[in-house]
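Just so you know, the sequences run in chain order Z and V. Following our numbering, the numbering of the first sequence begins with 1 at its first residue and continues without gaps. Following our numbering, the numbering of the second sequence begins with 1 at its first residue and continues without gaps.
Some hints could be false.
Intra- or inter-copy, both count: the list cannot distinguish identical chains.
List of simulated lysine-lysine pairs, DSS-like, C-alpha gap at most 27 angstroms [as the list claims (entries may be wrong)]: (1) Lys-232 <-> Lys-361; (2) Lys-116 <-> Lys-174; (3) Lys-208 <-> Lys-122; (4) Lys-317 <-> Lys-274; (5) Lys-174 <-> Lys-330; (6) Lys-324 <-> Lys-66; (7) Lys-368 <-> Lys-144; (8) Lys-49 <-> Lys-116; (9) Lys-205 <-> Lys-122; (10) Lys-26 <-> Lys-354; (11) Lys-255 <-> Lys-116; (12) Lys-206 <-> Lys-119; (13) Lys-207 <-> Lys-122; (14) Lys-174 <-> Lys-117.
Hints are computed from structural coordinates only; laboratory data are not their basis.
Protein chains: 2
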Amino acid sequence: MAKVTPWDVEGKIDYDRLIREFGVQKITDPILAQLKKLSGENNFMLDRKIFFAHRDLEFALKEHEKGNLFLYTGCGPSGSIHLGHAMVWKFTKWLQDVLKVDLWFQFTDDEKFLFKKDKSFKEIQELMYDNMLDVIALGFNPKKTHFLIDTKHASIMYPEAIKVAKRLTASSIKSCFGLGDSDNVGMFFYTAMQAVPAFLPSIIKKKKMACLIPHAIDQDPHFRLTRDILPKLGFFKPASIQCSFLPPLTGVEGKMSSSGEAFIALTDTPEQVKKKINKYAFSGGQPTIEEHRKKGGNPDVDIAFQYLRFLFEPDDKKLAKIKKDYKSGKLLTGELKQILIEKINAFLTQHQKKRLEAKKKIDQFIFKPTGHF
Amino acid sequence: MAKVTPWDVEGKIDYDRLIREFGVQKITDPILAQLKKLSGENNFMLDRKIFFAHRDLEFALKEHEKGNLFLYTGCGPSGSIHLGHAMVWKFTKWLQDVLKVDLWFQFTDDEKFLFKKDKSFKEIQELMYDNMLDVIALGFNPKKTHFLIDTKHASIMYPEAIKVAKRLTASSIKSCFGLGDSDNVGMFFYTAMQAVPAFLPSIIKKKKMACLIPHAIDQDPHFRLTRDILPKLGFFKPASIQCSFLPPLTGVEGKMSSSGEAFIALTDTPEQVKKKINKYAFSGGQPTIEEHRKKGGNPDVDIAFQYLRFLFEPDDKKLAKIKKDYKSGKLLTGELKQILIEKINAFLTQHQKKRLEAKKKIDQFIFKPTGHF
């Protein structure tokens, strides 16, 4: 059976079951139509049901019409930024561009420090500033994007977090996240900090605003607790738009993670990408060329095909042709991998160029509160 | 049996038993002599064993000789400042004057908000700024006294608190403070914030300094945990100098608290003081004047006498005479109370005058970190 928590995703995921268990909603055609009206053309991640579930998305879009919406997403700085992060953030950027709203981007350095036994505070800080370069390179609008760093912005975040914490018992944290008495007290407290960006903009703007959080579905438990508590503090429940997991290179189970080698980092060189895809990317093809030509491959389990579907081939017609050719045996595994390698390297070459420029932009992105010492 | 926790002190306290149970040391004559060498004349609270216990006080004094010591005390803003607070802080001021060291004064607004179900964040903030006036009026040196406010200074305190929290399990908090799973996660986390002023000055001064904490013995559990953890973070264990409890007006059991009416607030008027002492102060005298003249009173349980001993009659000879006269029946309860009322009102008149001046001094006392936004 699959395991899905904010810190662990393992096994074959049954998304319909997750929808039932988590109590989220499927994104329906009327919602897709509403988004299309705003965007002109929907992001392929919506059409392909990669972003497939939500909470209160209709409500968020209604508030958006009144100019009352902001976006919130985040990054836990614990390693290299990989394609799994890029997927959520590229979609978030699309949403920001379409909705023309502020995005609050939280860096949960406290979380990663508290949950990773082997990482020092200094290491997490270094990773965080490095991760920021990737976020910035993805092209967010600096005028509408505000970085919140849990530790650095604690003077505005901690006073709000304790208001959440006062309504959050140790037992609800235990049952929601499976923590126990041998876990550290920072892990117990952390969810209160994660809740803050869902209502801080309402305090700053001095009006009750709706919050929409694009995230992978494993983060839902955090926001389930947040949704229980925020109305008691006088704020709206945050809405969310949730995606499935970009799988690791090794196969369609679980999610990409920066432990081990089975991921593509946004800092990988063209050679690394080529090597990793050729070495690790699970193939849905047949053992021999002859057999492949005869029986064809299985795109549903083929990682190269899946990455094209998730991220690198936005054109539905082109994707359909690749699928057909692969299934028929016309397209070989090596050829399919080559298509993906070229797509990834084209993206990373551009990305890494922007990444070099990003260092001098960090300061523009970091939120500057007023009236605090 | 007496109950002594950081949030509850009830019953008749056996201080020798507390010393054994808490594992603290008695303040010995050689330590008193060492302090006398520094001060010229020891504070009567030391000679009278009101400050009676310590942890690592010799070590702290040794570090002081090397210019390596600071003081740390605090205030949990939950109600009026009363004589119980004044006792600890007057002694702290004496120590600051004698040792000529910096004092870090923590305002634990987070603690009081998290632990007091019925208090709003705003109420706690108002109480805190009001409490600051009393602290300032007690005469601390503004150049050497730094107010740290847990919420307002969270940008420098929270990043340090999570380093403590990472080494503090939920189970150690439960066993130390008797918290349970139905308590809120802020209560679990809070001890990590309380630990920070014990090492923050070492970070600010960029050298490993010793910390001495004057406090009432009920706060010892907080610092016991702090002492376990700080060496693992590269700091000294904080030393402490601990006092017994100023009793409530109603009798020598428990400690003065600002709930109910059985306390003297530093903002009480002369009339209120007179009324409270006459109405509530438990008397060690006899039911009738005739009987009192014959049998005499018991100063050990007489609150008016005890307050003179704890705070208001520093002159040992005068105190001894009062004791003798009260025991012999020469001094009546009403007369003894009158002595105390006059002493308290003389102190409060002066205090309240300084309190009016204090408002414009708050800013001088609040610590101003650099390099944070």
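Right, here's what the structure says about each hint:
Taking the closest pair of Cα atoms, Lys-232 and Lys-361 never come within 27 angstroms of each other, the shortest separation being 38 angstroms inside a single copy and 37 angstroms across copies. With identical chains, the CA atoms of Lys-116 and Lys-174 are at most 27 angstroms apart both within one copy (18 angstroms) and between copies (23 angstroms). Proximity of Lys-208 and Lys-122 under a CA criterion of 27 angstroms is satisfied inter-copy only: 19 angstroms between copies versus 37 angstroms inside one chain copy. Proximity of Lys-317 and Lys-274 under a CA criterion of 27 angstroms is satisfied intra-copy only: 25 angstroms inside one chain copy versus 91 angstroms between copies.
In this assembly of identical chains, the alpha carbons of Lys-174 and Lys-330 never lie at most 27 angstroms apart, being 52 angstroms within a copy and 65 angstroms across copies at closest. For the identical chains of this complex, Lys-324 and Lys-66 are neighbours neither inside a copy (45 angstroms) nor across copies (80 angstroms), given an alpha-carbon limit of 27 angstroms. For a Cα distance limit of 27 angstroms, the shortest separation of Lys-368 from Lys-144 inside one copy, 13 angstroms, qualifies, whereas the shortest one across copies, 30 angstroms, does not. Taking the shortest alpha-carbon separations for Lys-49 and Lys-116, neither the intra-copy value of 32 angstroms nor the inter-copy value of 47 angstroms comes in at or below 27 angstroms.
With identical chains, the CA atoms of Lys-205 and Lys-122 are at most 27 angstroms apart between copies only, with a shortest distance of 19 angstroms across copies and 33 angstroms within one. In this homomeric assembly, Lys-26 and Lys-354 never come within 27 angstroms of each other (Cα to Cα): the closest approach is 35 angstroms inside a single copy and 65 angstroms across copies. In this assembly of identical chains, the alpha carbons of Lys-255 and Lys-116 lie at most 27 angstroms apart only when taken from the same copy (18 angstroms versus 43 angstroms across copies). In this assembly of identical chains, Lys-206 and Lys-119 lie within 27 angstroms of each other by CA distance solely across copies; the values are 23 angstroms between and 38 angstroms within a copy.
With identical chains, the CA atoms of Lys-207 and Lys-122 are at most 27 angstroms apart between copies only, with a shortest distance of 19 angstroms across copies and 37 angstroms within one. When the C-alpha separation of Lys-174 and Lys-117 is checked against a cutoff of 27 angstroms, the pair qualifies both within a copy, at 19 angstroms, and between copies, at 22 angstroms.
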